[in-house]
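If you read the sequences in order, they're chains P and W. Counting along the first sequence from 1, when you hit position 635 you're at 1899 in my numbering, and nothing is skipped either side. Counting along the second sequence from 1, when you hit position 483 you're at 855 in my numbering, and nothing is skipped either side.
Hint data in this document are derived by calculation from the structure and do not stem from the laboratory. Among the hints, erroneous ones may be present.
[What the hints assert, rightly or not] In silico DSSO-like cross-links for lysine-lysine, where the CA-CA straight-line distance does not exceed 27 Å: (1) W/Lys386 with P/Lys1597; (2) P/Lys1640 with P/Lys1539; (3) W/Lys983 with W/Lys677; (4) W/Lys446 with W/Lys386; (5) P/Lys1597 with P/Lys1609; (6) P/Lys1590 with W/Lys578; (7) P/Lys1597 with W/Lys578; (8) W/Lys524 with P/Lys1590.
These numbers were taken from a predicted model, which means no experiment stands behind them.
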Amino acid sequence: MSKEQFSFHKLLEEARRNWVELHEKDGVLYIGTASCGKAAGASKVIEAVEKYKVETGRDLQVVEVGCIGMCGFEPMVYVQAHGIPPVVYGGLAPRDIPALLDDILVRKQYESEHLLGVLGEEAREIPALSDHPMMTTQERIILPNCGIIDPTSIEHYIANGGYEGLRKALQMDPLEVIEEVKKSGLRGRGGAGFPTGLKWQFTRQAEGEGKYVICNADEGDPGAFMDRSTLEGDPHKVLEGMIIAAYAIGATSGYIYLRAEYPLAIKRFREATRKAEEAGFLGESIMGSNFHFQVSVKEFRVLVKEGAGAFVCGEETALIASIMGKRGMPRPKPPYPAQSGVHGKPTVINNVKTLATIPVIMSRGSSWFSTIGTKKSPGTAVFALTGKIANSGLIEVPMGTTLRKIIYEIGGGIPDRKKFKAVQTGGPSGGCLPASQLDLPVNYEELAKAGSIMGSGGMVVMDEDSCMVDIARYFLSFTQEESCGKCPPCRIGTKRMLDILTGIKNGEGTEDDLAMLEELAPLIKNASLCGLGQTAPNPVLTTLQYFRHEYEAHIHQKRCPAHSCRAFISYRIDSDACIGCGLCKKHCPVNAISGRKGTTHVIDQEACVRCGMCLSYCPVKGKAVEKVDRKEVEA
Amino acid sequence: MSVTINGIQYEMKKGESILEIAKRENIYIPTLCTHHELPAFGACRMCLVEVEGGRGPLPACTTPIQEGMVIRTKTEELQVLRRGIMELILSEHTSACIVCKDKGECKEFKGGPIKTGRVTGCRFCPEDQNCELIKIADYVGLEEIRFPFTYKEIPSRRDDPFIERDPNLCILCGRCVRVCSQLRGREAISFLYRGHRAEVGTSFGKPLMDVGCMFCGACVDVCPTGSLSSRSTKWHGEVGESTESVCLLCGAQCQFGFESKWDKIMAAVPWEQGRNRGQGCVRGRFCLPPLMNGSQRLKYPLIRKEGELVPVDWDEALGFIKERLATFKPGELGFLASPYLSNESAFLFQKLARQVLGSPNIDTVSKDPARGYVGALLDPELGAGLGSLENIENAEIILIVGSDLYLDAPLLTVSVNRAKSKGAKTILLDSSPGNQLAGKVDVFLKPEKGAELPLMAYLTKRLVKGQLYNRNFVGNRCRNLDELEDFLEELDTSTLAELSHVPRARIEDALRLLHQAKNLVIIAGDDQRAFTGVEKEAAALFHTLLLLAGSPGGLVPVLSEGNALGVWLMGVLPGHGPGLRPFPGGGGLGREEMLAGGVKGLYLCEPLPDKDLSGFDFLILQAPYPHHMDVADVVLPSATFTEEAGSTLSLEGFVHQLRPSAKVPGMARADWEIFMSLGKELGKLGFDYQGLLDIQKEFGFTLGVKPGEFLKKEKREWHNFMTTWLKPEAFSRRNCQDEGEVRLPDFCYRGTPLAEKVPDFKILLDELKRRLGA
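Next up, chain P with everything else stripped away, as it sits in the complex (with noise of 0.2 Å):
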């Protein structure tokens, strides 16, 4: 595009005037249909919509946007009509809608028990979603937008502040640029944080020509999805990133390493590519050439290389042979990527949400930055709340907010009123801390020191059914299995533990166990090649620092206090509780239980295999069969 045809003026402009407009329609319906929101039903919910629209004959809009974070609640409709306020619903299927639209639309009557609240001011004594518990305390500056606008429309983006950053910045230096994002402090979100600044200072002082911008989206920890939330709800925000990083480093193209799992985050990061390249932030002559950039970054490129599912190429070596072409191993660094990266050449690897916290520093400024979170971890963490929490979902808040308040104020605590055993952070390879540590502010240094770290932002959080010797194994597990084999400390050091740790649960520990545990551990951490191995043991340090209790119970006293694993538990019938219903018989495997109908039955414990049917199937209020030691029934 020419200086002639570019306005960013006359975009912004036209961006604002459709965005107001659409906003002042009768009749709009917007959907979460980000994967979560697909996965609860959104698409059902909108073809119930459609189906309403031609049964009734009544104009109404739908706008697909990303997910605000809430999964719990999904499917999420806001419905935005004249006469009510602005009013948001959670949890809603397809049988749902006729009746509530009827009620809005000619009734005008907006209450429900989906009703979540109202987006934007409180108003007629409903509460804004704002207030809602799981929203109240985040502070979201790189998910503003999700949920809110259409990530396919390029204007939705731009009338809500986008490419102001990218305009900013190219009024700049490309060296004020780098000063700019050093002076904010941003540390690199993906999980080790180093100082973006820095990074791209290494890659712009680094000689050679043919620079990269990489984004890393190969998000491959178990129960993590901030990346795909974030390049589903606000494609052109990471993209807005890329380029502004592209402009500081001098880089002429770029890679987005998008784990091929995510198709739609895939779909809607292509479809921002295009239409940013349209209409003129991408490709050549970005945003016409009266500004004064560089000639590389005229012909700044983004691809898009899908990940074949290898864990271990989020580490940013691996993930730079894999664009290459190679099998996904790292290898020993230096050189770092910013002297020799994708094909010898230097390049910058910034994690999915860096690169969208970088457009609102352009924009806003970095000394407005610094002021959020801590001054050594300044801005926000995004973090996917998973495990046994009543608020899952994915939510942002200042570094610096305590673990407490983010489980028991956004996350709502613990369901079921199970007691708060432990919560893990930081994906496979961090640590699990206990409630004691329930008050440490989240940044890069206090979670190190207590033996985790910060990660890319997975949070699982366990209650006390949770075994921690079989959590330990379980991560370890995953480690292993994803270590891409090259060095011997992470291949058959973690092997070594996990088969021990397999033997603790089996009811096999010895008093050598943890010692040699002990003494594995600082080896694969001290001696492995990348990140993989030398985090692994994490989660097994970690439970045997806060939870040894635990591992000396089965080694000990060959019971597991969680009631989790097989080998130390027994079920048993309660005689005075069971009516004879006969359900447990009908759905035991083994056949290991007895009684008439009517009768109290009997499990046989040479017979059962502790598979839990009985438990599961046991209709009676207060349950009875129960879950007990082993050695209790044994005796």
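Add chain W to chain P, keeping to what the hints say.
Using the frame of chain P, we list chain W on its own:
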């Protein structure tokens, strides 16, 4: 600039790693994954060292040295780490013997041939004597493995010729994977799976045969364990002796350690200190024992008595020859040498023919077209000298003409790959289908068969026209540059490029590379169909291209026949004496003329299986294997190159020494010994040599240089062969009958096909036929 290692200061060089400086200063740091021919990999973690101020231990192999670094290589903490890693490795590698205090002294399982399919201990492992794990386990003081032993239970792969793989012994150091892809350019093997299941293997678990392996054996040679082993030598137990010598199966002449036992050659291991730097190919690495130890080797001289060939002793055989030769006039005798003879044998052969028997009719049976332009290559007046492996490795542009190096001279692919890893660009010009280099070069020019030369002439003309060469440089070396320019100007190239049917864009790509070429090397193949009859024109064009690029001396001929260069240089060419000087008295008959009946008696040093030789009145065959038994009058058993001493000359002009590593079968003798005794028998003086040194002195004197120096490369003045050799007629498209035929050499040694004597090679050759579409 200095660093401190273990308390002692050392001078450092910028850019080297901690491991490199340690190696230079003889400080031992254990490593399992590094290999001196490969870039650092950083996998095994054995080389972790302490650097003051560093975050934890650092791998010595990939950490660049920095001024003032304080490094410790053997602290207790490091030894604990290393011991831990070694313990982990050995928890899944048969290790009972490694941590046993008896180790090599074990009485129970001492030595002896291995008679077990699965390796259950060191004494049953093919790598027993050279295992690197044992050495490192010793160094770190590992005495006990506290984990239960895990046998991975991956099936051993024994479905390939030459190479066996037992993944259960593999420690995943990745040397084999890297040497295959980086040095040999094949990528036949790779890492498979991940986590604890990771192993080295082929795609879809196919046999090596099906994944493009050429069985060069480089993977076997770099393997630190017994995971990769040579199929045939695995069962021999300890080898006796190793003799450094040369493989003569192609002109690259790789140096090998020939391992022998019971007077026979048992194995050949590429010599690390040789020109080939530890690399070989399937022929040298695996084919020599079955080829040389074949039961059908000739063991006694045979003479035809009453129509039957009967074994006799040497005296009788030589007497018989003397008697029969006396019945011919000198001009009626023809002499055909083998390109596999040593320099000394070749020298004596031509001396016997010319000085003793007075016949000028001497030639080789070589089919190599380089024979045609060898004059241009070697003549001190004309030639530019030969390019060396170093020339290739340091080249910026490499032009490969008419050769699939993977078949003709595999060692050269290693040099090309080394150059490529340093950034060199490659152009392949070849008309034959199935060239395995095709997918590995930057520009592939595939002209129609017979249009190679017109295309080269076109390239040359365009380069001259572009005036992008250094006129001073070229002018100083080519007295008639103007004439050359005029000649090319007049040469009608309007049709030259079209002749080849190569897409224009491709030609332009090649020209762009050639224009920039500062350091050009041409590897000239032996595609007979392309150059037969126009060898000199081809040579002239090669030289012109090199001259324009300012790289005289950059021509490497692919000589696929053992010692062809040495044999020619010793004067075994019609009309050329030793040193290729014109032989007084003019040229005799060449190979074709002799075979067409130009002579009545023929002394043949290499069988010609596809020729009918019944027309000769008297035929002597001298070879290691029997051939022509129905028509030969005398059959003389000769030694092979593993059984004789002597010197040879490689395709890059290096003199190599042959050393005997095995005994000749029966009464067989080295060729030079046979010629010497025959010379004496014929009663001529000048054959009374005390040994090889006498012969070397004599031809050194004849050539005007000391032995070993006769091809010392000097900057030579370029001459005006352009006008004498370049003839416009040569640049029309030539008719070729075998259009579109895949080039697959017959891989012979002195007329005996390798496939006939080496069953595994037959399997490979059949597979190559299928693979290349022949």
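Against the structure, the hints come out as follows:
{"no.": "1", "hint": "W/Lys386 with P/Lys1597", "in the structure": "18 Å, holds"}
{"no.": "2", "hint": "P/Lys1640 with P/Lys1539", "in the structure": "37 Å, violated"}
{"no.": "3", "hint": "W/Lys983 with W/Lys677", "in the structure": "24 Å, holds"}
{"no.": "4", "hint": "W/Lys446 with W/Lys386", "in the structure": "24 Å, holds"}
{"no.": "5", "hint": "P/Lys1597 with P/Lys1609", "in the structure": "15 Å, holds"}
{"no.": "6", "hint": "P/Lys1590 with W/Lys578", "in the structure": "20 Å, holds"}
{"no.": "7", "hint": "P/Lys1597 with W/Lys578", "in the structure": "34 Å, violated"}
{"no.": "8", "hint": "W/Lys524 with P/Lys1590", "in the structure": "26 Å, holds"}
Taken one by one, the earlier hints fail for this structure at numbers 2 and 7, listed in ascending order.
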